[in-house]
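Counting from 17, one number per residue, gives the positions in the sequence shown under the working numbering.
Don't take every hint at face value.
[Stated by the list, open to error] Capping the alpha-carbon separation at 25 Å, the derived lysine to any residue pairs in SDA-like fashion look like this:
| hint | residue 1 | residue 2 |
| --- | --- | --- |
| 1 | Lys330 | Trp253 |
| 2 | Lys96 | Asp686 |
| 3 | Lys561 | Lys380 |
| 4 | Lys344 | Pro28 |
| 5 | Lys693 | Lys660 |
| 6 | Lys583 | Ile650 |
| 7 | Lys330 | Asn374 |
| 8 | Lys330 | Asn603 |
| 9 | Lys672 | Asp220 |
| 10 | Lys361 | Lys561 |
| 11 | Lys506 | Lys344 |
| 12 | Lys38 | Ser313 |
| 13 | Lys27 | Lys380 |
| 14 | Lys252 | Cys297 |
| 15 | Lys583 | Asp571 |
| 16 | Lys705 | Lys662 |
| 17 | Lys660 | Leu406 |
| 18 | Lys174 | Lys242 |
| 19 | Lys242 | Cys297 |
| 20 | Lys693 | Ala597 |
| 21 | Lys380 | Ala277 |
| 22 | Lys330 | His114 |
| 23 | Lys216 | Ala597 |
| 24 | Lys695 | Asp571 |
| 25 | Lys27 | Lys242 |
| 26 | Lys654 | Ser627 |
| 27 | Lys667 | Ala597 |
| 28 | Lys654 | Arg664 |
| 29 | Lys361 | Ile639 |
[Claimed, not checked] Label pairs and their calculated CB-CB ranges:
| hint | residue 1 | residue 2 | range |
| --- | --- | --- | --- |
| 30 | Pro503 | Ile474 | 47 to 57 Å |
| 31 | Lys426 | Glu575 | 16 to 26 Å |
| 32 | Lys308 | Ile650 | 48 to 58 Å |
| 33 | Pro346 | Pro25 | 53 to 63 Å |
| 34 | Pro503 | Ile124 | 25 to 35 Å |
| 35 | Pro341 | Lys426 | 22 to 32 Å |
| 36 | Ile650 | Arg76 | 49 to 59 Å |
| 37 | Arg76 | His443 | 40 to 50 Å |
| 38 | Asn423 | Lys695 | 36 to 46 Å |
| 39 | Glu665 | Pro503 | 32 to 42 Å |
Keep in mind the hints are simulated off the structure, nothing from the lab. Glycine included, each C-beta is placed from N, C-alpha and C at the ideal position.
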Amino acid sequence: MEEKIYLNPDKPIEARVSDLLKRMTAEEKITQLSYNSPAIERLGIQEYCWWNEALHGVARAGRATVFPQAITLAATFDKKLIEQIAKAISDEARAKFHDAQKKGRRDIYRGLTFWTPNINIFRDPRWGRGQETYGEDPFLTAELGKAFVRGLQGKNKKYLKTAACAKHYAVHSGPEALRHSFNAVVSQKDLYETYLPAFKALVDEGVEAVMGAYNRTNGEPCCGSKTLLIEILREKWGFKGHVVSDCWAIRDFHEHHKVTANGIESAAMAIKNGCDLNCGCVFEQFLLLAYKEGLVSEDNIDNALSNLLRTKFKLGLFDPEESNPYSKIPISVIRSKKHISLARKSAVKSIILLKNSNNLLPLKKDLNKIYVCGPNATNIDALTGNYYGLSDCFVSVLEGIARKVSNSTKLDYRKACLLNAEQVNPHNWGIGEAKDSDAVIFVGGIDSTIEGEEGDAIASQAMGDRPDLNLPKNQIKFLQELRTKSPNTKIIFVLMAGSPVIFPEELVDAAIFAGYPGEQGGNAVADIIFGDSIPSGKLPFTIPKSVEDLPPYEDYSMENRTYRYSKAEPLYPFGFGLSYAKISLSNLLISNQNIKKNSSFTVTFNIENHSELMVDETVQLYISYPETTFRNPIFALKGFEKIKLKPREKKTISLKVTKNHYSTVNEEGDTVILKGKYKLFVGVSSPAKKSFELGAPDGLWAEFFVS
């Protein structure tokens, strides 16, 4: 009997792929190139749905641990924590997968191919999907994205734990209303300096999949772009995994981008230019016709299917379950005590202290009266963000506070105002409740009904985007009235959002940015407010003073965008976040201040905790460049580390700087190293003047010279 090599787990993957391809007809091959690939019984190929999500926990598949939203996790600036979270997610994913397999359940959101992380750059704070990203900085995005991929894919030499996917490739960041037809025109400098570095970093890390974006980039639809998918991704970067289209993006070729005449031409364009898997129906409906008409060759089909089969073999989908170590992960891991504890820990570490007048926070737990109000105090949508799983214990901010205060504390609650609409009844008991309170905790902001993906943010009038970045007017009105009628009451503002929100900070005595903190968000907020944990989060984006400070939304140039290029003073700068502890830095030394091109050097400095508190702090390293004829960042993040400091502890920190850190990108998109004087900064915030005005400890500057 002929050996079926493709079913032998001991054979090399390439031999298994080749053997299986030889056994399949062209028609059968084409059926496997759509996301909902059917079974081929004669070959023992099972039905498999490629579509699954795990942005901050296994999503859309029932019970799972719900970690903080991606942008909220980015505020931790903690690579080790991000990898630990992704490992927990992939544990739950494997347990769910094998349980579903045993029960014959193979429909959508049951597989092991996860279309995450989203490593687009949050270039404009109006973008509703910015909450899915790791913020506005390419270096931070790359480092956190790599950590997430490591946690999802595992470290087994033979098998992938799950398959991660870098999306949306490339230059994708709004507007949501135009995403199916928009042409993102971008310079070569901005392409290679801002929009592509995180994708390149994840490819180098071994990410298994890349998802093409809906939009065109410089005229080419991303899911059919020879430039992006073949010349850059495959040939320049050496990507070995598979490429998947965004969902129904190939249909946009002919319906919206108008670069093809019909579905047949769209299918041919996509597969010939490097798109292997269609999330949508174009391949299913038209690829066989394109093949029969000679627009697509069987080699084109084989190339695409080979990339998909390699992923399946790496996941062990053709192997006996007992041969795969990940099949032994028990179903009890889902929402285990360990994972719930990790969700709380990550939520705590993501919370950012923006303001703390007269050291109002932390509060004592036995205050006489605390009044909790605001539309997000009991709002689950403000815990989850988008792309979420379901917990059997979403802890609201109100619940977290109620669990924390003493039994003798009088704790009152009223919603007091709606999320983004004026109340019908003009009388508001909530204002009166504040007058004799020791503290008012106002929990406001926005939620995922206001910002998010096209069609998902049901309360948005801009298809999920936010043309107005201000706190909703009715919430501002409530805070104004609260301050006017209770001028001596201490007001603490808990801001929940997945993007920058401009708020009247003069109306509040303390402010924390809680993001979308996940299922344990209420406990985490209470931990910070009452001092059981110390705030350590940092802003992964800039909060501008006004939307008027931003360039036009549709302009993809980085000129005047993000902290790296904007000349406008922000409300709160990138990298900013206060602590309850007093921290100082000193004695910055560079091992070699005069270096030759391509050389590395070491930066050392001291960081000291002057408090009696156990502290987590983020040290950040930024570089600014010599003057040139082309535009360079004002300064750019090039290193960060999470540091633990015991009470009164002083540590010496060493950071290595390589040519990759001080290189830059010229107008042609080439990476170059400039000769001349560079400036280097280390601190616990960005070097923006505003950081120090808001209370961040002064950072340290030094110079080095490249010859």
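Hints breached by this structure = 2, 3, 5, 7, 8, 10, 11, 13, 14, 16, 17, 18, 20, 21, 23, 24, 25, 26, 28, 29, 30, 31, 33, 34, 35, 36 and 38
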